[in-house]
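Here the protein sequences line up with chains H and Y, keeping their order. Here my numbering is used: the first residue of the first sequence is 2, the next is one more, and so on. Here my numbering is used: the first residue of the second sequence is 167, the next is one more, and so on.
Keep in mind the hints are simulated off the structure, nothing from the lab. Check the hints yourself; a few may be wrong.
Unchecked claim - Simulated crosslink set (SDA-like; lysine to any residue; CA at most 25 Å straight-line):
1. K8/H - A217/H
2. K255/H - S195/H
3. K256/H - K430/Y
4. K255/H - P687/Y
5. K372/Y - K430/Y
6. K497/Y - P687/Y
Claimed, not checked - Here are the simulated distance ranges between beta carbons:
7. F191/Y - E4/H: 35 to 43 Å
8. M171/Y - E99/H: 54 to 62 Å
9. T230/H - F176/Y: 41 to 49 Å
10. F191/Y - T230/H: 16 to 24 Å
11. R7/H - F191/Y: 39 to 47 Å
12. P312/Y - T230/H: 52 to 60 Å
13. F191/Y - R291/H: 55 to 63 Å
14. T230/H - N314/Y: 16 to 24 Å
If you're wondering where the values come from, they're calculated on a predicted model, not measured in any experiment. Note that beta-carbon positions come from the ideal geometry of N, C-alpha and C, so glycine has one too.
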Amino acid sequence: MDERHRKSLDAAELAGQKFYLNVSSRFSGMQGGNRFGRNTGNSLEFLDHREYQPGDDIRHIDWNAMARSDRLTVKLYREEVAPHLDLLLDTSASMALENSRKAEGLFALAALLRIAAVNAGYTVSSWLAGDRCRRVEPAALPVCEWPDAECNYPGNVGQTLVSFPPALRTSGVRVLISDLFWNQEPQAVLRQLSENAALLVVVQLLAGHDIDPELAGNVRLVDSETGETVELVAEEALLREYRSNFTRHQEDWKKSCTRAGAVFCQCVAENFLHDFVPAELLRNEILMTRSR
Amino acid sequence: MPFFMSPAAFWGLLTTLVLAGIYFFRRRSRTIQVSSLMFFGRAKQAAEGGRRLTRLQAPLIMFIEIVILVLLVLAAANPRSISGEKLIPVTLILDDSLSMAVNEPESPRAKALACLEKVFFSRPAFRFTLIKAGVQPEVLGRQDMPGNEAAMMVGNWRCNSASADIFKALRYVAESLSAESHTFVLTDHQALSDYSGKAGWLAFGKPVANLAVTAVSRYALGTVDRCFVEFSNFASQPASIDAEVLIAGRGEPIERLAEMLPPKGTIRRRFVLKDVTAPVQVRINNDPVAFDNSAWLLPVRPDPVEVEISLRSAYLKSLVEKAVMAAGLAKLVATSAQLLITDAKLLAPAERLWQLYLPVASQTAAFSGVVAVDKEHPLTAGMPALKAAWAIDPGFATAGIPLMTAAAIPLLTVRGEPSQQLLVSLNLVPEYSDLQKSPIWPVLFWNLLNWRQQHNPGPVTANFRSGAVITCSLPPEATSAALYDQAGRKVEDATVWRHQAVFQTSRAGIYEIKAADASWPLAINLCSAAESDMTRAGWSPVPAMPLPGDAMQKLADVRWWFILPALCLMALHQWLATRRRAADASF
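Working from the sequences, and respecting the hints, build out all of it.
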């Protein structure tokens, strides 16, 4: 990891202090925890009163209030949750594309999310997805010290996630950061990742060239993962074709995410590294800005 | 094969390099790494099927464009058809005189050959006729040769003629060859100021100071031979001459000459040679132009004619004997004569026997008036005007060609073939004539004996001027004759007609005529003041293309040969390009 990456990670971690990972309402029903959830629960922290409704635990009936108002009132307590974030990073070779800052953005975004999650009381597990999904141990290790944090896997990470799924925490929040340039059905991957998950967030991290490649004249294109080459004349028709295919692929992922209850966000590495503000994650309220 | 009128247009071929450069730089691929090729899926599939097509199409289109460019450049070079009859006829008159070979390898001939190679033979638009202008014009090879054949044939132009009659060659060209032919004279001297012919005159010489032997002769006088030699200085400056006359083979000088010759001056020397059998050589030792520095004089003593006089009239016999002996060309014999002078002609004469028939008159008549004389005949050549009384026999009748006639009565007739038998008849009554006292009488006998002597086997004389016709009578058994040089190489085969061999060689030197078992030495001397005078030599600039422009314009314009295929290729190019664009647009 070179000096520039280290500086980016430092900057990302610093930026991460401004955010916290929102607590998902899906944590309801969890037994115990180290912080309060959004919903009512079984903690000792009083939240509110409301009228009794059939099905309410009769142990929560506020008899004093009933005596005063002659109405059957129950006490509501805040829930207690123990949130966990599973951070999955795609380390395929396409994430380390030449002349792009994808790899730098990948680890910077991971660092930012880790800090944001810690800010929200989350425990965090980080996974590097290559030929296998390897958990980063120890979990508290700063990103800059992660072993084998290299994007050099030449295969299909989607296939890895399906065939060799990581042991993810039940009812945890899962964030997948990848360019999603796989020849893999999104449903299979999403099904695997969203199972028993409180929330699945898919962050498509792209380079600017991935969205709008700047090609002109005769070009020999080299696939960063397979090394396959193709010689083409980069004319407008070809670029149109590329953009059309890319959009179709992205739309496919978005629809699949919607179907799987996952949140899809796009992040352009160069833009993110510019100000370290993950705009789409904020827009989708995955991250929240901390009040000072 | 076309001929290009504007070869400068070939610079346009550089555009093909520019085009190839454009293609090279356009087709050079940039290598770019992309995250994945999955979004180039259709393009990849098209490339799989279309890569070959793409790879083939681009070079094909480039190739077609280059061919179109080349064709247009060729068309711009103004091509003309040069096939068949449309070739331009060119006649080259080549001066074959010795002066063309002076100062080798910088001789006028060498320069002319270089000019021929550069200006004429390398041009495929011409057909050539080569005329060697020597003493007589001579066609080298055949008429209307292509350039390569003419280039080979011009090697036979050796420049060894004693003189070059350019105007005779020009007349020959005018009379024998096509009027459309463009004629050029290649010589070493400039055109005469009054020359107004159409032929192009290309001169390659330069003035040279020259000393030369310009005249030699040797003749028998009694028991000795007398010789005559003339030396000339053709320079406009005085020149010293170092010359000698020597007995050839012995190296023994019999006459030396070391004097100053005035500008354009001559010196003549006469001397007596007692050894009548010795060949003599005359040579100049201090002149660099070698071809006219020497001459040979061979012995000039032909065999005397054997004469038998068989006349009944003692008076007439004495007259005839006296005339025969005075000529110095005969000796009297009793039998087996070559010339029989008789008053009773033989009805069946021997082979090669000539008879002078002097009939005895049956009647006599006197005649005064005009006598018609054929002065072209050897018998009457040089005959002085007749001022004599000639008594004749009016009843004289004999067949033959009359050489002298008076009032339709033949005085002198000749019949027969000199190489076989000849009968000369003289109608004369000497008792009443004084013809025998006039100069006609010895002249008549000298002519007769000389003529007969010339028909003895061998050449007429041993010393000839270069270019002269050499006639040699052959022995009866010989049917052919040839001329050999001093080294024994055959120089020329003779043309033989009625036992007369005719040669015409112009190269100076010592030769030998061989016929059957007989042989005769022969000297040929240049002795040509016109050829030795090289002060008229000059140089004229040779234009790059000494042909009138309209001659080239007459060739058929064949630009369409190139424009038509170019148009077809343009259509093909357009179709291919349109197809490619359509394929691109379908992505």
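Going through the hints against the structure:
1. K8/H - A217/H: Cα-Cα ~34 Å, so violated.
2. K255/H - S195/H: 14 Å, holds
3. K256/H - K430/Y: 122 Å, violated
4. K255/H - P687/Y: Violated, at roughly 124 Å.
5. K372/Y - K430/Y: Measuring from Cα to Cα gives roughly 18 Å; hence the hint holds.
6. K497/Y - P687/Y: Given pair K497/Y, P687/Y holds - Cα atoms ~24 Å apart, limit 25 Å.
7. F191/Y - E4/H: 35 to 43 Å: 39 Å, holds
8. M171/Y - E99/H: 54 to 62 Å: 59 Å, holds
9. T230/H - F176/Y: 41 to 49 Å: Cβ of T230/H to Cβ of F176/Y: about 42 Å, so the range 41 to 49 Å holds.
10. F191/Y - T230/H: 16 to 24 Å: The hint (16 to 24 Å, Cβ to Cβ) holds, given that F191/Y and T230/H are roughly 21 Å apart.
11. R7/H - F191/Y: 39 to 47 Å: 42 Å, holds
12. P312/Y - T230/H: 52 to 60 Å: The hinted range 52 to 60 Å holds for P312/Y and T230/H, with Cβ atoms some 59 Å apart.
13. F191/Y - R291/H: 55 to 63 Å: 57 Å, holds
14. T230/H - N314/Y: 16 to 24 Å: Since the Cβ atoms of T230/H and N314/Y sit about 57 Å apart, the hinted range of 16 to 24 Å is violated.
Of the numbered hints stated above, those contradicted by the structure are hints 1, 3, 4 and 14, listed in ascending order.
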